[in-house]
Every structure is written in C-alpha cells, then in structure tokens.
Amino acid sequence: MKKLLVSSFALLIIIIAGACSNSENTKTFVNVNGYTFQGDSLITFSSFVIKDGKVSQLGDDEAGVNSAGEVVDLQGKTVLPGLIDAHGHVMGLGFQELNVNVAGIESLEATLDTIRAYAEANPDLEWIQGRGWNQTLWEENEFPTAADLDRVVPDRPVYLSRVDGHAGWVNSKAMELANISKDTPDPQGGKVIRDRSGNATGVFVDAAESYINEVIPEPTETERRLALEEALKQMASEGITSAHDAGVSPTNWEIYKEFADNGKMTTRVYGMIGGMEAFRELSKNGPIDSYAND
168 MKKLLVSSFA
178 LLIIIIAGAC
188 SNSENTKTFV
198 NVNGYTFQGD
208 SLITFSSFVI
218 KDGKVSQLGD
228 DEAGVNSAGE
238 VVDLQGKTVL
248 PGLIDAHGHV
258 MGLGFQELNV
268 NVAGIESLEA
278 TLDTIRAYAE
288 ANPDLEWIQG
298 RGWNQTLWEE
308 NEFPTAADLD
318 RVVPDRPVYL
328 SRVDGHAGWV
338 NSKAMELANI
348 SKDTPDPQGG
358 KVIRDRSGNA
368 TGVFVDAAES
378 YINEVIPEPT
388 ETERRLALEE
398 ALKQMASEGI
408 TSAHDAGVSP
418 TNWEIYKEFA
428 DNGKMTTRVY
438 GMIGGMEAFR
448 ELSKNGPIDS
458 YAND
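Under the numbering used here, the sequence shown is numbered contiguously, ending at residue 461.
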C-alpha cells in the first residue's frame, strides 16, 4: 500500500492515506510540495489522487483539479512517503504513553513531582510504572534511589525504566515484593546498584531488572488493547506507516490479529517473535503464516 504523509516545515501533521477512510471515495490533493522516489530518482509533484484508499496518481495542479472527486488544497505543505521504523517496540510505545513519562525532565525533584502527580491521578493502579528518567540531565548526575521514590509514593510499588531501557528504578515497596536483600546476587549480565554497606539502593541494571519484572503483574488484554490503540495513534501522528515490532509475545500476536480483523491497524506492523519460548508457543500448531489484510 502506497502511503504519503504531510509536514508543515519539519513537523509531521497528517497522514494523507488516512484521509479517505471510505474505499468508494476519491480525493484529489492540490497545492502540494511533494517528493517521492522511484529507484534512485527523485520525483516531485504538486497534486495527487487517493482512490480506494491508495495513491493512484501523481501530477501537477492542473491535472489534479481536473480529477474526479473532492479537491483538497494543502496550501503548499510538504508531502513525503510514509516513514518505516525498522526496529521498534509498538506495545511498549503504547504503554509509555499510558504510563508516567518522565523523559527529558532535567532535575530529580521535577521528576519526582511528575511521578507524584501521576500516582495521585491514578489511585486505583496496583503498580506505578513509567519510563524515561535520565540522571545525566540532573544536577546531581548520579543514580536515584528507592528512598527518593518513597518520598512521593510510599504505599504502592513503583517501577520506572531508564530512558534507554537498560536500567530500572524502584521504590522500597517494589524491592520488598521482589524479596531483594543484601544477599541478592548480581546476575550474569546485570548489576544491582548498592550503597557502601552492600544494600540495594533501588536501581537495577540490565539482567538485574528481571528481579523486579518477575513480580510485576502481566498487563491484561484490555490494557494491551489500550496500549496498541495509543501506539497506533502516536505512530500516525508522526507519519510512521510501517513498523517492525521487535519481541512480539503470543498474547500480543492475538491482539494484533484482533485489530487487523476489525480494520483497526492504521499502521502496518511486522512482528518479530520474542524469543524461542514465544516461537514454540506460536508454532506448536504448525508453520506460522504471514497475516495481513491490507
């Protein structure tokens, strides 16, 4: 499926392919600053036509005005082919949007204020989860601690993934549920950050994050659906028309199939099976065929 996206200067604002949701409609877009490629050749155009949900014609404004269907003036906005994400985590993007997002916050105290506000706004959540902290942006320039989180959320477990996904920051409640003690070893490929007395401070690096992940409840199917809806919305807003999802679980595979069957997959997703255990589960009934309906 050929898709185009529009930007105003550098900001992507709309995916043109979604402008014709009814496959019987034809729309012509004129006054376009359009660029695309055929092989190594750059192609420019000032109008294009969408018919049956696909780009059917590129041309100049005169050709566009003479086309059938509704005519839409894009007022000189830039139109480019849709973007393709070669390695992403689609469900993770959705959950990032649903959970507390502390990316880019430039101080520990402001980060804690954001976490506190999110926890207060979501009193029924069993766990407070989020992503994005980066201690190198803070004046302290050192890892945060469980004691820091305890100041804002003392009564529920908290888990916050670092901006790069290679460390997790938790509060004392989370460490209690995971039975973390002074005797908890550093796993192969991971590290438990400790104080001078050898006690865990609340940051778990790489493989050590599994200590906490094992006690975090799996998302419900309803939560996964909400995450996928949010991810699709976010990708569409950024002009991403195809994405490769690295690490798809059997449960997420079923959610993808459900969305595809109901015509809700606004971005094409190529799923990469998340490890051998997931592969064995998905392939137990025979070969895994490609699944698409666009």
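Among the hints, a few may not be true.
The calculated PhoX-like cross-link candidates involving lysine-lysine, where the alpha carbons are at most 25 Å apart (straight line), are [to be verified]: (1) 451 x 218; (2) 194 x 218; (3) 194 x 424; (4) 218 x 244; (5) 424 x 451; (6) 358 x 340; (7) 221 x 358; (8) 244 x 221; (9) 340 x 244; (10) 221 x 424; (11) 424 x 358; (12) 400 x 221; (13) 400 x 451; (14) 358 x 218; (15) 194 x 431; (16) 400 x 424; (17) 358 x 400.
Just the calculated beta-carbon pair ranges, DEER-fashion [to be verified]: (18) 288 x 198: 37 to 45 Å; (19) 382 x 439: 38 to 46 Å; (20) 384 x 200: 35 to 43 Å; (21) 373 x 323: 35 to 43 Å; (22) 343 x 204: 25 to 33 Å; (23) 381 x 242: 30 to 38 Å; (24) 443 x 343: 55 to 63 Å; (25) 343 x 276: 22 to 30 Å; (26) 425 x 446: 14 to 22 Å; (27) 448 x 380: 16 to 24 Å; (28) 425 x 404: 41 to 49 Å; (29) 202 x 452: 44 to 52 Å; (30) 343 x 409: 53 to 61 Å; (31) 242 x 431: 42 to 50 Å.
Keep in mind that the hints were calculated from the coordinates and are not lab data.
Heads up, the beta-carbon is just placed ideally off N, CA and C, and yes, glycines get one too.
Outcome of the hint check:
Of the pairs offered as hints, the one joining residue 451 and residue 218 is violated, with about 41 Å between alpha carbons and a cut-off of 25 Å exceeded. For a cut-off of 25 Å, the pair hint linking residue 194 to residue 218 stands: about 7 Å separates their Cα positions. At most 25 Å may separate the alpha-carbon atoms for a hinted pair to count; residue 194 and residue 424 exceed this at roughly 30 Å. A distance of roughly 21 Å separates the Cα atoms of residue 218 and residue 244; the hinted pair therefore holds under the 25 Å criterion.
About 17 Å separates the Cα atoms of residue 424 and residue 451, which keeps this hinted pair within 25 Å; it holds. For the suggested pair residue 358 and residue 340, the alpha carbons sit about 20 Å apart, so the restraint of at most 25 Å is met. As the CA atoms of residue 221 and residue 358 are separated by approximately 50 Å, the hinted pair breaks the 25 Å bound. Distance restraint check for residue 244 and residue 221: the Cα-Cα separation of roughly 20 Å lies within the 25 Å cut-off, and the hinted pair is therefore satisfied.
Proposed proximity of residue 340 and residue 244 is contradicted: the alpha carbons are some 51 Å apart, above 25 Å. For the suggested pair residue 221 and residue 424, the alpha carbons sit about 22 Å apart, so the restraint of at most 25 Å is met. For a cut-off of 25 Å, the pair hint linking residue 424 to residue 358 is broken: about 38 Å separates their Cα positions. The straight-line distance between the Cα atoms of residue 400 and residue 221 is roughly 20 Å, inside the 25 Å bound, and the hint therefore holds.
Restraint check for residue 400 and residue 451: not satisfied, since their Cα atoms lie roughly 33 Å apart, outside the 25 Å limit. About 55 Å separates the Cα atoms of residue 358 and residue 218, which puts this hinted pair outside 25 Å; it is violated. Taking the CA atoms of residue 194 and residue 431, the gap is near 21 Å; set against the 25 Å cutoff, the hint holds. Between the alpha carbons of residue 400 and residue 424 the distance comes to roughly 18 Å, so the proposed pair stays at or under 25 Å and holds.
Proximity of residue 358 to residue 400 is assessed by CA-CA distance (about 36 Å); at most 25 Å being required, the pair is judged violated. At roughly 43 Å, the beta-carbon separation of residue 288 and residue 198 lies within the given 37 to 45 Å, and the hint holds. Our hint of 38 to 46 Å for residue 382 and residue 439 is violated, since their Cβ atoms are close to 27 Å apart. Between residue 384 and residue 200, the C-beta spacing of about 49 Å breaks the proposed range 35 to 43 Å.
Between residue 373 and residue 323 the beta carbons are some 25 Å apart, a value that contradicts the proposed interval 35 to 43 Å. At roughly 56 Å, the beta carbons of residue 343 and residue 204 sit outside the given window of 25 to 33 Å. For the hinted restraint 30 to 38 Å between residue 381 and residue 242, the CB-CB distance of approximately 54 Å leaves it violated. The supplied range of 55 to 63 Å is broken by residue 443 and residue 343, whose beta-carbon atoms lie about 32 Å from each other.
A hinted range of 22 to 30 Å holds for the C-beta pair residue 343 and residue 276, which are about 25 Å apart. Between residue 425 and residue 446 the C-beta distance comes to about 21 Å, which sits within the given range of 14 to 22 Å. With their beta carbons about 19 Å apart, residue 448 and residue 380 fall inside the hinted range of 16 to 24 Å. A hinted range of 41 to 49 Å for the beta carbons of residue 425 and residue 404 is inconsistent with their spacing of about 23 Å.
The hinted range of 44 to 52 Å is satisfied by residue 202 and residue 452, whose Cβ atoms lie roughly 45 Å apart. For residue 343 and residue 409, the Cβ-Cβ distance of about 43 Å falls outside the hinted range of 53 to 61 Å, so the restraint is violated. Between residue 242 and residue 431 the Cβ separation comes to about 30 Å, which falls outside the hinted range of 42 to 50 Å.
The structure is inconsistent with the numbered hints 1, 3, 7, 9, 11, 13, 14, 17, 19, 20, 21, 22, 23, 24, 28, 30 and 31, although it conforms to all the rest.
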